[in-house]
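Enquirer: Residues per chain are reported as follows:
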Amino acid sequence: MITLSINKKTYNVDVDPETPLLWVLRDELGLVGTKYGCGLAQCGACTVHLNGEAVRSCVTKVSRAVGQEVVTIEGLSEKGDHPVQKAWLEIDVAQCGYCQTGQIMSAVVLLKANKNPTDADIDAAMAGNICRCGTYLRIRDAIKLAAQIERKEA
Amino acid sequence: MKKYIIVLAGIVTIVALLSFSLKDQPISDANDSFHKDSIASVNAFKDVYKVLISPRCMNCHPSGDVPLQGDDSHLHTMLPQRGKDGKGINSMKCGNCHQATPMEGLNQPPAHPDWHLPPADMKMVFEGKTPGQLAKQLVNPKTNGGKTMKQLMEHADDGLVKIGWDMGEGRTAPPISHAEFKKAWIRWIETGAYAPKDK
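So the protein lines, in turn, are chains Y and Z.
Read in this note's numbering, the first sequence has 56 at position 56, and its numbers run on one by one without any break.
Read in this note's numbering, the second sequence has 57 at position 57, and its numbers run on one by one without any break.
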């Protein structure tokens, strides 16, 4: 049995320690907001926070998460009102939406480190999250808006 | 006649010393306890160099701030940045994808608990370096991460060095084994850590 802390809740799961964290989230715990894209850490769709870092859960063995704090899109805010989520809705970023969970989780980590990112900062930080619909320009706008919202709320 | 022989011997000695100093250069005096041998040292470095310049080593010692990837040493997809400490930047840390232990399968990210590039203030570039340039860089504490000769020798067994021979499916290993590399590395240092003269 493996004990995990996810979105401030404790879960016990009976899985092989080598199982990717993504499969535990989706198949064992029903936290399906995190998406499977490539399975090789090449696309960013599966990004979750592990102790605040934007890890790729498809290549992260669940054993790495034991004793650590995991946050998924479901736990990012209580009412879906994290500044990045608000900005995403305001700018209407999503097209098909499949990659957006990963995009948002990466954007949150960027904004923790950089309260006022430039286009170049955003491009460098978000290069690991691919969007097949090409919403990159709206993602940039939404990250800048989220930074403004965070400054106002601070 | 005796005078003539002494003068001739002197000339021969000077010529020998000159040719020695022009050919291969001892780089450090930190290993005086070892028997210096420029020929053996330079020969050993041939093996060292071909490992260090192989993709498994050079890809994380790039000339720019983006690591290289693959047997063709292309820029790493997603263009992750070096960052100040060599471990990436905010949402693009090396450890976000490079795990402590690898997942099985082709093209999975290679793994080590402390995956990183050299830090921004000491980039320790291998890419594009000639044998002479790289040898000099490796023994200078100002360009080798502050390592003494002893620490340099021990570095052959560093975990991140050894992982070069265990990078997972689809990645060609360095041209000689780790044991052969370590032997050449130590021999190069013990015989004087000479830098080959670049042509």
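Take the hints with a grain of salt, since some may be wrong.
[What the hints assert, rightly or not] Cut-off 27 Å, straight-line C-alpha distance, at most; resulting in silico cross-link-like pairs (BS3-like, lysine-lysine):
(1) Y:Lys-112 with Z:Lys-84
(2) Z:Lys-199 with Z:Lys-87
(3) Y:Lys-86 with Y:Lys-144
(4) Y:Lys-79 with Y:Lys-144
(5) Y:Lys-144 with Z:Lys-87
(6) Y:Lys-112 with Z:Lys-136
(7) Y:Lys-115 with Z:Lys-87
(8) Z:Lys-87 with Z:Lys-46
(9) Y:Lys-115 with Z:Lys-84
(10) Z:Lys-46 with Z:Lys-199
(11) Z:Lys-183 with Z:Lys-84
(12) Y:Lys-144 with Z:Lys-84
(13) Z:Lys-199 with Z:Lys-84
For the record, the hints were derived by calculation from the structure and aren't laboratory data.
Enquirer: Give a verdict on every hint.
Expert: Hint by hint, here is what the structure shows:
Under the criterion of a C-alpha separation no larger than 27 Å, the hint pairing Lys-112 of chain Y with Lys-84 of chain Z is consistent with the structure, at around 17 Å. Restraint check for Lys-199 of chain Z and Lys-87 of chain Z: the C-alpha separation of about 36 Å exceeds 27 Å, so the hint is violated. About 12 Å separates the Cα atoms of Lys-86 of chain Y and Lys-144 of chain Y, which keeps this hinted pair within 27 Å; it holds. Our distance criterion of 27 Å between C-alpha atoms is met by Lys-79 of chain Y and Lys-144 of chain Y, whose separation comes to about 21 Å.
For the hint pairing Lys-144 of chain Y with Lys-87 of chain Z, the CA-to-CA distance comes to about 25 Å; that is within 27 Å, so the pair holds. Distance restraint check for Lys-112 of chain Y and Lys-136 of chain Z: the Cα-Cα separation of roughly 41 Å exceeds the 27 Å cut-off, and the hinted pair is therefore not satisfied. Restraint check for Lys-115 of chain Y and Lys-87 of chain Z: satisfied, since their Cα atoms lie roughly 21 Å apart, inside the 27 Å limit. Annotation: proposed proximity of Lys-87 of chain Z to Lys-46 of chain Z is violated, straight-line Cα distance about 30 Å (limit 27 Å).
Annotation: proposed proximity of Lys-115 of chain Y to Lys-84 of chain Z holds, straight-line Cα distance about 18 Å (limit 27 Å). Restraint check for Lys-46 of chain Z and Lys-199 of chain Z: the C-alpha separation of about 14 Å stays at or below 27 Å, so the hint holds. Restraint check for Lys-183 of chain Z and Lys-84 of chain Z: the C-alpha separation of about 33 Å exceeds 27 Å, so the hint is violated. As the CA atoms of Lys-144 of chain Y and Lys-84 of chain Z are separated by approximately 24 Å, the hinted pair is consistent with the 27 Å bound.
Restraint check: the Cα-Cα separation between Lys-199 of chain Z and Lys-84 of chain Z comes to about 35 Å, which exceeds 27 Å; the hinted pair is violated.
When held up to the earlier numbered hints, the structure conflicts with 2, 6, 8, 11, 13 and fits the remainder.
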